[in-house]
Every structure is written in C-alpha cells, then in structure tokens.
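Engineer: So the chains spell out like this:
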Amino acid sequence: QKEVEQNSGPLSVPEGAIASLNCTYSDRVSQSFFWYRQYSGKSPELIMSIYSNGDKEDGRFTAQLNKASQYVSLLIRDSQPSDSATYLCAVNMPRDDKIIFGKGTRLHILP
Amino acid sequence: KAGVTQTPRYLIKTRGQQVTLSCSPISGHRSVSWYQQTPGQGLQFLFEYFSETQRNKGNFPGRFSGRQFSNSRSEMNVSTLELGDSALYLCASSLAIPVYNEQFFGPGTRLTVL
Numbered sequence: 001q002k003e004v005e006q007n008s009g010p011l012s013v014p015e016g017a018i019a020s021l022n023c024t025y026s027d028r029v030s031q032s033f034f035w036y037r038q039y040s041g042k043s044p045e046l047i048m049s050i051y052s053n054g055d056k057e058d059g060r061f062t063a064q065l066n067k068a069s070q071y072v073s074l075l076i077r078d079s080q081p082s083d084s085a086t087y088l089c090a091v092n093m094p095r096d097d098k099i100i101f102g103k104g105t106r107l108h109i110l111p
Numbered sequence: 001k002a003g004v005t006q007t008p009r010y011l012i013k014t015r016g017q018q019v020t021l022s023c024s025p026i027s028g029h030r031s032v033s034w035y036q037q038t039p040g041q042g043l044q045f046l047f048e049y050f051s052e053t054q055r056n057k058g059n060f061p062g063r064f065s066g067r068q069f070s071n072s073r074s075e076m077n078v079s080t081l082e083l084g085d086s087a088l089y090l091c092a093s094s095l096a097i098p099v100y101n102e103q104f105f106g107p108g109t110r111l112t113v114l
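Residue numbers (our numbering), protein chains in the order written: chain A, 1 to 111; chain B, 1 to 114.
Only chain B is shown next, with the shape it has when bound in the complex (with noise of 0.2 Å):
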C-alpha cells in the first residue's frame, strides 16, 4: 500500500506571495492532519480534515487555510508568506480521527521564504 505523499517536495517563495501544498493520504484513510515543523517549535498542529471537514484548528493565523477533497486529499495553503512560515510543512494521515488513531506522515514540503 503506498504511503503518504506530499508535493512539491521543496518550495521558495518570496515574502508577500502565498503557496498551496498537496497531500494524497493513504489509500482508506479518511482524516489528514497538518503541521508546522521549526527547529524552536517542534510540531505544532495546524488542522484537521475528516471526510472533507474541518474538525479542528491549531491557533495559527487567517493566513493558514486549507480544505479536503472527497478523495481524501487535502491542500494547504498560506497567503501573503512571512519570513516565520519558513519550515516544514507535514501532512498526517490517520484511518479515522487522530486522537484515538496511529498516524502516519507523509515526507513533508520543505517551504523557505525569502
């Protein structure tokens, strides 16, 4: 069964510009997760998708967004990038909702804003 994917891999943007991030869950897998990964921060959680709802939100500005798809695929997306959204961006997908689930990452995107 093939894993999680993430595309692109790697991005540079330039301050003010937005970016939309893709991830294809495990096949039967209904919730995908995001999260932000900074060498200070460690992981800090973004959202939540189950069965193309939002079920929770981390205390991340406006800027953050994101939606799921029928197929279970989720994007991200992050408007009018700042210096600080540099990081890595990690998609998770679980068989049903995370709190009482394993969870497995797909490689993440390697944002940098320049």
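Okay, chain A solo, but in the shape it has when bound (with noise of 0.2 Å):
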C-alpha cells in the first residue's frame, strides 16, 4: 500500500460549485496534515495544514481529516478558474521522521 495516496485526476468541477480532493495515509500514527495548491511551472504553495480530527476551515477553502478512517479531504467552495491547478496532500510519518506527499490531483475548473 503507497504510503500517501491521491486520485491523479484530472477532476473537472464547473466554475461556482465545490470541488472536492481526497487523500488516504497508511500510517496510523500520522498526526500533521497539509494541502499544497502547485500551479504548473511553480513550486508547492501551503494552503491548509489540520492536525485534529473535524473540520477546519478557511475563506472558500475546508480541510476535513478523519483519522480512524485515515483520510484527509479539501474542499473548495465557489470554484474558480483560478483554482485550477495540482494539489498535492503530504502527511508525516512519525515512525519514519518524514513527510511524505502524494503525487497530486490534477483540478480544473470549467468556466
């Protein structure tokens, strides 16, 4: 089982709608979550990092992280074409002294 695991896409999601990105972890111990937005050609922009099971919430953006079923989600409301791009999850992994990303999910939104 891949350690850090994201459907590669790509996700199309009409413009306005939620989109919604999803990412299981093997290590039940994991504790520290992050989304990274990677527009093509630029490095990984940190846009939510949860570390309790819930919700939690940003402007358009929800991370929500359930550790019993070990994964993690982002939602993004009111899609817009700028959303466009890669989204990378990347989990720690306790035991290895790690974070390790998933290979991204491609987004686009359809204006």
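Think of the hints as simulated: they come from the structure by calculation, not from any bench.
It is possible that part of the hints are untrue.
[To be verified] Heads up, incomplete: computed chain B residues facing chain A, CB under 7 Å, no partners named:
no., residue
1, L43
2, G84
3, A87
4, L90
5, V99
Using N, Cα and C, we set each Cβ at its ideal position, and we do this for glycine too.
Each chain sits in its own coordinate frame; assemble them with the hints.
Structural biologist: Encoded structure:
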C-alpha cells in the first residue's frame, strides 16, 4: 500500500461548484496533514494544515480529517478558474520522521 | 518577511558534471529540506537539515549530498550528473523539524542535464 494516495485526476468541476479532493494515508500514527497547491511550472504553496479530527475552514477552503478512516480531504467552495492547479496532500510519518507527499490531483475548473 | 529563496533558478549541465544549488530559508527558520520533483515520480524527499545537522535522508545515491550553515542557509550538491537527474529541485523551510511543522517552499531550481 502506498503511503499517501491521491486520485491523479484530472478532476473537472464547473465554476461556482464545490471541488472535493481526497487523500488516504497508511500510517495510523500520522498527526500532521498539509494541503499544497501547485500551479504548472511553479513550486508548491501551502494552503491548509490540519492536525485534529474534524473540519478546519479558511475562506473558501475546508480541510476535513478523519483519523479513524485515515483520510483527509480538501473542499473548495465557489470554485474559480484560478483554482485550476495540482493539489498535493502531505502527511507526516512519525515512525520514519518524514513528510510524505502524494502525487497530487489535477483540478480543472470549467468556466 | 521574505520567503524562501533558491539560486540559481535554472541550470543546464552536461552528463558527468557536478552542480551546487543554494537555498536561503525564511528568517528565523532553522530547518531546510530538499526535494526532487519529476513528472513521473512526484515530490521525492532528498534530505533534511536542522541546526546544521542532517536529520534524515531519502533513498538517493551518494552522488547527492548537502549541508547547512550556521545561518541556516543550505546547499545541495550533485556530482557526476546523469540524464535522470533532470528535475525541479525544491527547498522547503520550516520553523523547526518539519514532521510537526508547516513547510514553505522556495521557487525551485530547474536542472536540465544534457
């Protein structure tokens, strides 16, 4: 089983709708979870971090964490064409003392 | 506060040469991690430095090395370049060890090996 898994996409979402991005991880003791946005040709940009079960909201973004099911998701409300990018999920692996990145989900917002 | 800076931004080298990349973290950040990003493999961890000590290393050959200076600036070196080393090399800065702290990426160095 891969350590951090994401659907590669592309995920196409109409403008104004909610985009839902999912990420599963393998280590039950993981405690820190991060979402990054990466535009083509650019470096990853941190958009959300979450450490506790439940939801965390920041503007149009909501991160959801369910440690029992070992998944973390990112919701983007009122999707805009500027949200079109690759979204990377990163999870800490305390046993290996590392942060592991998923390969990312390409999101395409349809105008 | 200035972000993470990386130099140079672009490099073209030939096989067998060596290259040194530089990273300056956000002021006050003591941890620097290096990643290699390629279209097929995604973000692969190279190594992590904290207070001038290498705390962790990824599964890369010994041709890849790095160091961190007392001002937290870091360099990575790749010797005997191979075609497969062509990639975007990213440096990430965090306040403390990144396993529990947010990391902020620099703009990257795009290395092309011919």
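Engineer: It remains to establish, for every hint, whether it holds in the given structure.
Structural biologist: Here is how each hint holds up against the structure:
1. Of the supplied interface hints, the one on L43 (chain B) holds, with its beta-carbon coming within about 4 Å of a beta-carbon of chain A, less than 7 Å.
2. Against a cut-off of 7 Å between C-beta atoms, the interface hint on G84 (chain B) is violated, since the closest Cβ of chain A lies about 18 Å away.
3. Taking 7 Å as the C-beta contact cut-off toward chain A, the hint placing A87 (chain B) at the interface is violated, the least distance being around 13 Å.
4. Here the hint on L90 (chain B) is kept, as its CB sits about 6 Å from the closest CB of chain A, short of 7 Å.
5. Hint on V99 (chain B) holds. Least Cβ distance to chain A is approximately 5 Å, under the 7 Å limit.
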